[in-house]
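Peer 1: Let the hints inform the model, and build the full structure from the sequences given.
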Amino acid sequence: MKYIDEYRDTDLGKGLIKRIADLSKRPVKLMEFCGGHTVSILKHGIRQLLPPGIEMLSGPGCPVCVTPVADIDKAVALAREPETVIATFGDMIRVPGSNSTLQKAKAEGSDVRVVYSTQDALEIARLNPLKKIIFIGVGFETTAPTVAASVVQASKEGLTNYYILSLHKLCPPVMKALLLSHEIRLDGIICPGHVCAITGARPFEFIGREYDIAAAISGFEPLDILLSVEMLIKQIENGRHALENAYTRVVRDEGNIQAIRIMYEVFETSASCWRGIGMVSESGLRLRDRYSAFDAEKAFEIKQAEARETPGCICGDILRGVKKPHDCRLFRDVCDPQHPVGPCMVSAEGTCSAYYLYGGEDER
Amino acid sequence: MEEKMSDKVLLAHGSGGRLSHDLMERHIMPYLKNPILNKLDDSAVLELKGRIAFTTDSYVIKPVFFPGGDIGRLAVCGTINDLATSGASAKYLSLGLIIEEGFPITDLERIIASVSSTAKEAGVLVVTGDTKVVDHGSCDGIFINTSGIGVIPEGVNISGSRASEGDRIIITGTIGDHGIAVMAQREGLKFSVPVESDRAPLNGMVSEILKVSPDIHCLRDPTRGGLAGTLNELAAQSDVGIMIEEGSIPVKDAVRGMCEILGFDPMYIANEGKMVVIAAPEDAAGIVAALHGNRHGRDAAVIGEVGSRHKGRVVLKTGLGASRIVDMLTGDLLPRIC
Chain A
0 MKYIDEYRDT DLGKGLIKRI ADLSKRPVKL MEFCGGHTVS ILKHGIRQLL
50 PPGIEMLSGP GCPVCVTPVA DIDKAVALAR EPETVIATFG DMIRVPGSNS
100 TLQKAKAEGS DVRVVYSTQD ALEIARLNPL KKIIFIGVGF ETTAPTVAAS
150 VVQASKEGLT NYYILSLHKL CPPVMKALLL SHEIRLDGII CPGHVCAITG
200 ARPFEFIGRE YDIAAAISGF EPLDILLSVE MLIKQIENGR HALENAYTRV
250 VRDEGNIQAI RIMYEVFETS ASCWRGIGMV SESGLRLRDR YSAFDAEKAF
300 EIKQAEARET PGCICGDILR GVKKPHDCRL FRDVCDPQHP VGPCMVSAEG
350 TCSAYYLYGG EDER
Chain B
0 MEEKMSDKVL LAHGSGGRLS HDLMERHIMP YLKNPILNKL DDSAVLELKG
50 RIAFTTDSYV IKPVFFPGGD IGRLAVCGTI NDLATSGASA KYLSLGLIIE
100 EGFPITDLER IIASVSSTAK EAGVLVVTGD TKVVDHGSCD GIFINTSGIG
150 VIPEGVNISG SRASEGDRII ITGTIGDHGI AVMAQREGLK FSVPVESDRA
200 PLNGMVSEIL KVSPDIHCLR DPTRGGLAGT LNELAAQSDV GIMIEEGSIP
250 VKDAVRGMCE ILGFDPMYIA NEGKMVVIAA PEDAAGIVAA LHGNRHGRDA
300 AVIGEVGSRH KGRVVLKTGL GASRIVDMLT GDLLPRIC
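Read top to bottom, the protein sequences are chains A and B.
Residue numbers for the first sequence follow numbering that gives the first Met the number 0, beginning at 0 and rising by one.
Residue numbers for the second sequence follow numbering that gives the first Met the number 0, beginning at 0 and rising by one.
Treat the hints as calculated values from the structure; they're not laboratory data.
Even for Gly, the Cβ is constructed at its ideal location relative to N, Cα and C.
Heads up, none of these hints are tricks.
For each label pair, taking beta carbons as the anchor points, the in silico distance ranges come out as:
1) Leu10/B with Ser154/A: 42 to 50 angstroms
2) Asp21/A with Glu259/B: 26 to 34 angstroms
3) Gly136/B with Asp10/A: 53 to 61 angstroms
4) Ile256/A with Gly165/B: 58 to 66 angstroms
5) Asp8/A with Gly306/B: 24 to 32 angstroms
6) Thr105/B with Arg112/A: 27 to 35 angstroms
7) Met23/B with Thr9/A: 55 to 63 angstroms
8) Thr105/B with Asp288/A: 53 to 61 angstroms
The list that follows gives simulated cross-link-like pairs (lysine-lysine, DSS-like), each with its CA atoms no further than 30 angstroms apart:
9) Lys28/A with Lys316/B
10) Lys130/A with Lys61/B
11) Lys233/A with Lys316/B
12) Lys316/B with Lys13/A
13) Lys131/A with Lys61/B
14) Lys42/A with Lys251/B
15) Lys316/B with Lys42/A
Peer 2: Below, the structure is given as structure tokens:
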């Protein structure tokens, strides 16, 4: 097993495409929740191969993209505080805030470092006892447990110079908010495979049960996605909407119990603001009182002016699946990965970046 | 134990005085000596016949030692390969060193030894050079500049503008090895990556394929910007469309795995020991066979062809049979979050 080639097999893929074409009888709108799904669908050209009646919409499943301008401003303000070191995952440094980015703050003299894991951030804290290390906690249920584990570890080691700016977000509540808004009529949802690896399948069962919409959990290889599309079309055509799992090699019903436990040991749910969507109750994670010493929002007095969205950028509409990148008048001409105007063009998982890089002929 | 002063390169080593002489005689010349350099004149006098290719490049890489190579080997290979892209067989190199005060002399010697062994491997001579030492903080360890001169064989006319409809596109081996090896070392990734940089002097390999097929249309080394960048340059320069098949592009499993984890695309990762070859369809099989006989071309493959549609663009046919446009890389490669 190489875990890549098997899931990109040409013959199996063509077989699935044919089965989907045979099953599909009416036009449907499917949303792939994850940015990773969007990238894979475009990179492997899946959209062109599906029957024309199947429309694929991208959802709010890119953690960098859904972080609102005000929170980017917060990170930049923290970077400008004396003696701070900002530790962050790579894509965050280029996301534009109201006036600046972490990358610009770095060029102006702030200490901003790209890390690959919270372990790297902890190591910076250990090696620089006189500095205050702030980890920018961006991500979904997939990422939050590792951040929680770093807080527990810092607490055990007695580190007093390690902080988290918790901008974490939870997926099921925002899905519910999207479905409640009735802004778009979806027939099926491809659920986020790596989030489900942590949460398990159960938190996504409400999609079929409460909203009568088809749902399938998918991995990120082309065959994973085609299998989940087949499941969705079958559910739609049979009129029986119940969550199915097309990613059984990774996702179990109960999820990763240890990861969930440590996540809720350190964090509790809170309302959270999503770019383009607004405040969604119970959709964020903040540090519990017993770990408040590690909470950057409490440890620092963050001075920031009112956040300002970039005029013309429609990232918010794109994140809700209401618009597509080529509906944006900035797309390609003004906004490209070199000069991103909005976050969806910055992140490797962003919808605009995926359309820009892998959009194929029909996007031009 | 107190460190001996002479363990490190000092500003005085670049002053032109006794220490400079010492550095040259003890740590540099023993590795590089040859009849032209040994004269120690201010300029090398060379005899060449035919059409001459001339190129220069500066090398700044962090870290200076990486799996499968170092800055010295890179500086020799890079310039030799730049010459090879015009079909020229490299003959002579210059070597300019800019060293930061405090750089360990043992590391310097290791780098010069590597320059020497790579030059020998490629059959080229370092015939002139220069060493400067700068204040601590004025450069990052060591910077190297090499210039090179080579001779282009009769009948060879290679240019990025010569790709024409029907031509076949060949890559001489697996892509992404160098970029991934350096990245894994630089970022101290905590999992083992069994990938070494592919840095290699390709003048020998290029001479061999030119013997089989003197009328190669284009040759280019896909360094920064990767295969995607080079193919886009060639498509634009020749004003043709380039069609490639995803499944035919050779990528090592370890490189693909690393790219999947970090969210990179091997098409955009740098190479230091590969060439893109574009030639007439009837020449392709012979070129690939010749490449397979060379140790730097064992994994060579035809990956696509030149067409008339999509002028100036590169179109990739995915494993599932869809096609999409492959753009140049814009911005830096940044690892993703989840």
